[in-house]
Structure formats: C-alpha cells, structure tokens
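Chemist: Take a look at the letters that make up each chain.
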Amino acid sequence: MKKEEILKTLHDISADPFPYLRSKRENGAKIIGSPLADVPSEMIYAAGLLPVTILGTNKPIVKAGAHLPDNACSLSRSNLELVLNYHPDDFDGFVFPQVCDTTQHLSDIWKMTISSEFFTSFLIPRQVDRKSARHWFYAETSRLRDNLERYTGSPITDEALKESFRLYNENRHLLREIYQIKREAPGVISDRQLFDLIRSFCYMDPKDHIPLLRELIDILPKEPSDDGNVKVVLSGIVVEPAQLFDILDELKVSIVGDDLTVGSRMIAYDVPDREDVVEALTERHFAKSPFSPIRDVGTRLYDFLLQVVEETHADGVIYFHIKFCESQDYDLPDMKGIMREKKIPMIVLDTEYQSVTKAQTKTRLEAFVESLYGERDNG
Amino acid sequence: MGEAKQKMTAKEFSKQLTKKYYEGAKHAHEQGKFIAYTTAVSPAELFYAHDVIPIYPENHSVMMITHRMTAELSESIERKGYTSHLCAYARSDLGFRELHKSPIGGIPDPDFLLACNAQCFTLTKWFEVLSRRYNAPLFVFDTPQFIRDKRAREEIIKYVMEQIYEMIESLENLTGKKFDFDRLKEVVEYSRQASILYKTYLDMAAYKPSPISIFDALINMAITVYLRGTPEAVEFYRLLIDETMENKVKKGIGVIPNEKYRLYWENLPIWFKFRDHFNLLASYGAVILTSLYVHAWSYDFDPSDPVRTLAENYASVFSNVELEERAEMALDLFRRYSLNGNLMFLNRSCKAVSFAIHELRDIITKKTGVPALVFESDMGDPRFYSESQIRTRIEAYLETLDQLSYEKERGLRN
Ligand code: SF4
Ligand code: SF4
Numbered sequence: 573m574k575k576e577e578i579l580k581t582l583h584d585i586s587a588d589p590f591p592y593l594r595s596k597r598e599n600g601a602k603i604i605g606s607p608l609a610d611v612p613s614e615m616i617y618a619a620g621l622l623p624v625t626i627l628g629t630n631k632p633i634v635k636a637g638a639h640l641p642d643n644a645c646s647l648s649r650s651n652l653e654l655v656l657n658y659h660p661d662d663f664d665g666f667v668f669p670q671v672c673d674t675t676q677h678l679s680d681i682w683k684m685t686i687s688s689e690f691f692t693s694f695l696i697p698r699q700v701d702r703k704s705a706r707h708w709f710y711a712e713t714s715r716l717r718d719n720l721e722r723y724t725g726s727p728i729t730d731e732a733l734k735e736s737f738r739l740y741n742e743n744r745h746l747l748r749e750i751y752q753i754k755r756e757a758p759g760v761i762s763d764r765q766l767f768d769l770i771r772s773f774c775y776m777d778p779k780d781h782i783p784l785l786r787e788l789i790d791i792l793p794k795e796p797s798d799d800g801n802v803k804v805v806l807s808g809i810v811v812e813p814a815q816l817f818d819i820l821d822e823l824k825v826s827i828v829g830d831d832l833t834v835g836s837r838m839i840a841y842d843v844p845d846r847e848d849v850v851e852a853l854t855e856r857h858f859a860k861s862p863f864s865p866i867r868d869v870g871t872r873l874y875d876f877l878l879q880v881v882e883e884t885h886a887d888g889v890i891y892f893h894i895k896f897c898e899s900q901d902y903d904l905p906d907m908k909g910i911m912r913e914k915k916i917p918m919i920v921l922d923t924e925y926q927s928v929t930k931a932q933t934k935t936r937l938e939a940f941v942e943s944l945y946g947e948r949d950n951g
Numbered sequence: 179m180g181e182a183k184q185k186m187t188a189k190e191f192s193k194q195l196t197k198k199y200y201e202g203a204k205h206a207h208e209q210g211k212f213i214a215y216t217t218a219v220s221p222a223e224l225f226y227a228h229d230v231i232p233i234y235p236e237n238h239s240v241m242m243i244t245h246r247m248t249a250e251l252s253e254s255i256e257r258k259g260y261t262s263h264l265c266a267y268a269r270s271d272l273g274f275r276e277l278h279k280s281p282i283g284g285i286p287d288p289d290f291l292l293a294c295n296a297q298c299f300t301l302t303k304w305f306e307v308l309s310r311r312y313n314a315p316l317f318v319f320d321t322p323q324f325i326r327d328k329r330a331r332e333e334i335i336k337y338v339m340e341q342i343y344e345m346i347e348s349l350e351n352l353t354g355k356k357f358d359f360d361r362l363k364e365v366v367e368y369s370r371q372a373s374i375l376y377k378t379y380l381d382m383a384a385y386k387p388s389p390i391s392i393f394d395a396l397i398n399m400a401i402t403v404y405l406r407g408t409p410e411a412v413e414f415y416r417l418l419i420d421e422t423m424e425n426k427v428k429k430g431i432g433v434i435p436n437e438k439y440r441l442y443w444e445n446l447p448i449w450f451k452f453r454d455h456f457n458l459l460a461s462y463g464a465v466i467l468t469s470l471y472v473h474a475w476s477y478d479f480d481p482s483d484p485v486r487t488l489a490e491n492y493a494s495v496f497s498n499v500e501l502e503e504r505a506e507m508a509l510d511l512f513r514r515y516s517l518n519g520n521l522m523f524l525n526r527s528c529k530a531v532s533f534a535i536h537e538l539r540d541i542i543t544k545k546t547g548v549p550a551l552v553f554e555s556d557m558g559d560p561r562f563y564s565e566s567q568i569r570t571r572i573e574a575y576l577e578t579l580d581q582l583s584y585e586k587e588r589g590l591r592n
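Protein chains in written order, with our numbering: chain A, 573 to 951; chain B, 179 to 592.
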C-alpha cells in the first residue's frame, strides 16, 4: 500500500470504526466495549475477545438526555448516546471502568438501559501513591480475569496473556516510533494523521493494526527536518471532535508531545516481562503518567506536563477541557497559575462533542497560534 | 454541672456542643493540636482516637449557604477561573478562602486532609486544591463502588482495611505519636452508641402522626457528623430522644397539625429554602419525613473489630452502592415509615447523589405505585433556584396526590 492509502484506511476506521468492527464480528469476533480509561485491553484480548475503547459520537444526542442531568460531561453523554441509540447491537459486552462520580453512576445507568451478554465493572484504584492501590489493582484485575473466563467458558492462560502483551507492546512501540518520527520531522504526517493512528488503535485488533503501521514506517522518510511550524504540547484527557486536529494543521501547528489519555498515556507504557502476568499488568498501570481524576503523588499532574514541555522544547500548551468534566474543572485554575509562573503560553479550549466548528474556538486558537509565532520569531 | 444539664434542652445542648467544638478547633494550633479536614462520610474515629481535631468544610459550607453567602463567595472564585458548575459546598469553601467571610469567623487551616470517596469524588478534587494551597498532605481514602459481588466485597473490605492502617501510619507521622488501638475501640463504641441513638431518633418518623420532619433530622444530624466518637454525642441523642418522646410522641402531637402526606425526599436539602418548603408543604397537610441522605450516618459498628467495622460501614454508604441496592434502601424507608409521596430533587451541585435519578425514580415508582416529582435546582446557590417554578411544580404535585387520594377514597382506584 502507499502511504496515503494506509493513512486513509486508518483515518476511516478512526472516524467510524463500526464497518471494521462489523466485519470482525461476521468473522466470529466478540466485541467488548469500555469507556476511558485504564481497562487492561490485554486481558480482554487474551480471553479471545476484541477490546474496543469507546470514544463517543458526534452525531446528535437523542436518547442520552433522558438519562443524564444536563451537567453530565460531554464524554459520558456521547458515550451513552453512541451505544444506546446508534450502535445498540454492535457490542457483545462491556467492561466498565469507574474513575469519577460520573463514571460510577453511568455504570449503573448503563447496566439498566443497555442489554448485553456481558457486563462487569472495573473498579480501578483512585489513588496511586500507596501500596494498597497496587494490591487492589491486582485483586481487581484477577477478578476481571475470572469474570471473562466465566463469560467465554474457557480459561485465560498465562501463555495467551503473554502473547497478548507481546502484541500490544509491539503495537504501542510502533505508534511511539511514528510519534518520534513526527517529532523530528513534523511535516512527515499531519497532526490529524498522527492521532488517527492513535485513535484507530482504540478500535483495532493489534494483528490488523501492526502490519499497517510497519508498512507505514517503512515508507516514511526518517531524516529530521523542520517544517517551520510552531510546536505544541497537547494536554487533557481526549481531543474531540477529531476535526480539532485539522484546525491545528490548518493553523500550522505541529504536535510534538502530549499528556492525553487518548494519546501518550495510552501508548507510552509497555507491559513488562514478569513471571506473574497479573503483576505485570499492575506494574504497567502504576508506571503510567498522571490522569486528572486519579489522586497522584503531590503535584505530579502539573509537574509531568512541565516535564513534557521541557523535553519537547514546545512553544506552548493547548489544554483541551471536556465540557462539564469536573475533574478538569478543579485542576485548571492552579494549572493556569503554574503555567503563568513558568511563562509557558497555554490556552484552554472548552470542547464538546456535537460542536465541531465552533467559530469561537477557531478564532481563539488562531490568536493563540499567532502569539506563539510572534514570541518565537521575536524572542 | 449535672443539674445545669438537667434543665438544658436538646437544642441548647447542641448549641453548646457546637460552640465548644468550634472554639476548640480555633485554638487547636495554639495548644499544639493538629487539625485534619475530613469528609462527612469518613472514618473520623481515627482522628478522635488520635487526638487530632476533625474539621468538616462541608459543614461550614452549610452555614455559609444558610446565611445566603454562597452567591457572593462563588463569584469571588469564578473570577479566579473556577466554574459555577462545581458543588456549592466546594464553591462556598473556596470562596471563604478568598474573602475570609464566614458566619462563625471561619475555620482553621488544615495540617492534614482526608477525602473518602464513598461519598463523592468531588471532594477529593476539592481537597486536592486545598492540599496544594496549604501544602498539607491529602489522604484519599478510596472506597470502590460496593458492588453486589461477594468476592469483590471481600476484596474491597481488605483494600479499605489496608488503607485504614496506612492512614494510621500517616497520622503517626503527622503527630509523632504512637496510635492507640484500645483508644480506637473506645471511640468506635461511642460512635456505635451515637449512631444507634441517631437512627432511633430518625425512626421516630414512623409514628403517626410523625413527631419529626426531615428538617428536624437535618438540624440534629450535625452532632453525629462531627462529634460521633465522643461521649457528648451519645448524651445529646439520649436527651433528644427523651425530649421528643415526652413532648410529642406521648401526647400524640405531630410535627404538622393535619398530616395527610408523608413524603420521601431524594437528595440533600435545598439548604437555604428548607423552612419555606416546610411551610408550603404543611399548608397542604404534607410533610417530608426522611431521606437516604439523613440515614447516611446511621451506622452499625462493632467495636470488637474496629478496623474492619470502620471499613464495612464507610464503604457501604448509600452513595457508594449500586443503584438497585440504593433503591432497596429507599424502599425500606417507604415501607417502614408508610410514605405516600416522593419528591426527587436533582441537585446540580451533587452529581454523586443525583446522577441516576431517573432510573431510581423508575424503580421506586414501580415498586410503590407512588407518583414522584423530579425537579432540578441547586442545594446552595440561589442563582440556580427558581422560586416560582419550583413552587408551582410542588403545588401541582400535591394536587395530584390529592386527586389520587380522592379517587382512592371513592373506590375509583386501588
Ligand atoms: S473524568 Fe471527566 S471526562 Fe472523564 S468521565 Fe469523569 S467527568 Fe467525564
Ligand atoms: S454535596 Fe455531593 S458533590 Fe458536594 S460534597 Fe457533598 S456529596 Fe460531594
């Protein structure tokens, strides 16, 4: 395949994964959906099932409104809408993680409103700085293993898990490689294309994703080259709608790093090689970068972002706030303060599914990017 | 002293205790004592057992709300970039830290913070802000949803117990003092007694007519929230029960004259409106008797195994169980108190308690046949409260109840 063909294939899947998922299903795959974040896909995959991270829909909200208060975050609302209204029959089951009040109670609503063969919650620790969190993650991951075994009727062997780790590690490794190529030669693929690759990873069987990424890496030029764009780090949980990446491309901004959950947090950490497979998953979980709803050590959330900015020599930070995400709401004022103090330009964009082309968003971004150019060229 | 107390009413005693508690807190630092902020649902017994004074910013926020200070306080932090969508407790508290306004002259700064997320997740984020501000350690006491899965429950209790030991270690580090487990047993015993008495008081709403309304429950809840674990709390509830027995129950006096509708209230109260609501409802012969919220503090402790009992009680609070179980808890109140009306308040401040309200209504309505009114507002911020709208809806609802009972009386309905 040619570069453009591969990118188009992955773009299409990231824009609408359901044709791909249906074809997998026709060939016998069972689809297990999970909202963000931290469900160990490797475990679901090792059970012979296809794990899919649900990233909401931009189609109109029709049914979810009757189940959720108006101030439910845009992500949870559009996740519920996606499954309840647009794809009620496209999933065989769900592994539902809980990270905040919204996800905890959405889990209850989900169980009562969506019928599926399989549902289990995945209760991740909401603190990561004490030993107990590790013990709990281990126990909960073991429970997930048992529940999946009960559902499929066959054991998840350590061998199957290790094979699953190998595949996911390789898949993540290839994504990191492409990210690195982009960092050194930003013009090689666009911002949108980079994130199409990451988003398609949320939906695809690594066995399908890996060969495409390998081919792509073979084709991409590897020599460092500067496209002259200003360089930014993206921060937040998820950037939606994905058209926001097109706007960044249009405005001549190149992404060089991020702390996004659907981004580096998803691809940067591998499962280590350990005798005890559940321990291996536990170690991966605790190696991850901070995540807004989870209590971390001290001010690690802010320090981590500063570190990414420093390492990538970015010109500024674009923070994507999901409308009505309480967790981010509490973080932001202090985050802004720290960025001001460190003299790192940052803009906060309030994003919402279903509202792609808010003129105001574009105008604000334009002004911000212009100021980044101004500062770079004069400073 | 004994004699003086004899003459004191429960109300006076409560006032005295509250005053003493806040005075003690105010001078804690001068006396070399430590202040810990904690959440209303949390193993505060650990603090009492270790001579650390627990302070409840939520409680202080309620005072600011009832003094109608929230809009002003909130605006002061909205200017700093916080949104008006946050919980009104958090906004009042953060605003207090900007403007230093408070009906009781404020609360002291924390040396330590404990956030138990059985109650909500919001508090952990709010306390994170405070923890950064005061450079004080924050301990997130993590209680995974207490799902109905035997194995998960056993593991959750193990996890929570391990955290109690971690918490004890943190307290030892804070104070440099060894934790005393015998003292913990004593404190849990006081908590046990206070909780049983508090529940006995709440259960007086089962009498017909009911001698108490939810407003009495709310006013008298404060002591168990911040003083459970002390002998004074036990004494207070004894006095309160005796008094209610003598003055109301024995004489058959109800809290309103012509009690016709005995209502359930879902969620927290609209704090700055509850007297108005009481009066409006009373004019229809309706009275709100109870809510899962006030029952959140009717624990059942076993002091012989204090660490386990704290874990079990705090992990299983109504806001941390699955919806079906929460509905059963509410239905139990419908049965025991013979409730025949249901006001369901969707509180924009509190996602933790409001989120699945429609599903909750469906279950309760199906099981009881009692129609429910779901309405949206805010517990603390008058800017999100529409007087005429809510009044109209409550009135219309009560008229529906009237119509229903008229039809029932005439056999038009069963
Ligand atoms: S963390 Fe924020 S975006 Fe995620 S589910 Fe909770 S409120 Fe929504
Ligand atoms: S009102 Fe709700 S959101 Fe606010 S602190 Fe209480 S439980 Fe948490």
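No wet-lab data here; the hints were simulated from the structure. Any given hint might turn out to be false.
[Unchecked claim] Chain A stretches covered by chain B per the calculated footprint, using a threshold of three residues with CB under 8 Å from any CB of chain B: (1) 575–587; (2) 635–648; (3) 705–716; (4) 814–826; (5) 887–899; (6) 905–911.
[To be verified] Derived lysine-lysine pairs resembling DSS-like cross-links, with alpha carbons at most 25 Å apart: (7) B/451 / B/193; (8) B/336 / A/703; (9) A/683 / B/328; (10) B/544 / A/635; (11) B/428 / B/438; (12) A/703 / B/544; (13) B/258 / A/915; (14) B/428 / B/189; (15) A/895 / A/908; (16) A/895 / B/258; (17) B/386 / B/193; (18) B/545 / A/683; (19) B/355 / A/703; (20) B/258 / A/914; (21) A/908 / B/258; (22) B/438 / A/703; (23) A/683 / B/544.
Even glycine gets a Cβ: it sits at the ideal position worked out from N, Cα and C.
Chemist: Now, for every hint given, state plainly whether the structure supports it.
Modeler: Results of checking the hints against the structure:
1. Closer than 8 Å: that is the beta-carbon criterion, and the segment 575–587 of chain A has 0 residues meeting it against chain B, so the requirement of 3 is violated.
2. Residues of the segment 635–648 of chain A lying with their CB closer than 8 Å to a CB of chain B number 7, which satisfies the three-residue condition for coverage.
3. As drawn, the segment 705–716 of chain A meets chain B at 6 residues by the rule of a beta-carbon pair under 8 Å; at three or more, the given contact holds.
4. Only when three residues or more bring their CB closer than 8 Å to a CB of chain B does the claim for the segment 814–826 of chain A stand; here the count is 0, and the claim is violated.
5. Requiring three or more residues with a Cβ within less than 8 Å of a Cβ of chain B, the coverage given for the segment 887–899 of chain A holds, as 3 such residues are present.
6. With 3 residues bearing a CB less than 8 Å from a CB of chain B, the segment 905–911 of chain A meets the requirement of three and the coverage assertion stands.
7. This hinted pair checks out: residue 451 of chain B and residue 193 of chain B have alpha carbons roughly 22 Å apart, not beyond 25 Å.
8. Between residue 336 of chain B and residue 703 of chain A the CA atoms are separated by roughly 13 Å; this keeps the pair inside 25 Å, and the hint holds.
9. Between residue 683 of chain A and residue 328 of chain B, the direct Cα distance comes to roughly 19 Å. Compliance with the 25 Å bound is thereby established for this hinted pair.
10. Taken as a hint, the residue 544 of chain B and residue 635 of chain A pair is honoured in the structure, with Cα atoms around 21 Å apart against an allowance of 25 Å.
11. For a cut-off of 25 Å, the pair hint linking residue 428 of chain B to residue 438 of chain B stands: about 20 Å separates their Cα positions.
12. With a C-alpha separation of about 44 Å, the suggested pairing of residue 703 of chain A with residue 544 of chain B is violated against the 25 Å cut-off.
13. Our distance criterion of 25 Å between C-alpha atoms is met by residue 258 of chain B and residue 915 of chain A, whose separation comes to about 18 Å.
14. Distance check on the hinted pair: residue 428 of chain B and residue 189 of chain B sit about 20 Å apart at the alpha-carbon level, within 25 Å; holds.
15. Proximity of residue 895 of chain A to residue 908 of chain A is assessed by CA-CA distance (about 17 Å); at most 25 Å being required, the pair is judged to hold.
16. About 18 Å separates the Cα atoms of residue 895 of chain A and residue 258 of chain B, which keeps this hinted pair within 25 Å; it holds.
17. As the CA atoms of residue 386 of chain B and residue 193 of chain B are separated by approximately 29 Å, the hinted pair breaks the 25 Å bound.
18. Proposed proximity of residue 545 of chain B and residue 683 of chain A is supported: the alpha carbons are some 19 Å apart, at most 25 Å.
19. For the given pair, residue 355 of chain B sits about 22 Å from residue 703 of chain A by alpha-carbon distance, which is consistent with the 25 Å threshold.
20. Pair hint residue 258 of chain B plus residue 914 of chain A holds up; C-alpha atoms about 18 Å apart against a cutoff of 25 Å.
21. Note on residue 908 of chain A and residue 258 of chain B: the hinted pairing holds, with a Cα-Cα distance of about 10 Å set against a maximum of 25 Å.
22. The straight-line distance between the Cα atoms of residue 438 of chain B and residue 703 of chain A is roughly 55 Å, outside the 25 Å bound, and the hint therefore fails.
23. Among the hinted pairs, residue 683 of chain A with residue 544 of chain B is consistent with the structure: their alpha-carbon atoms are about 18 Å apart, no more than 25 Å.
Of the numbered hints stated above, those contradicted by the structure are hints 1, 4, 12, 17, 22, listed in ascending order.
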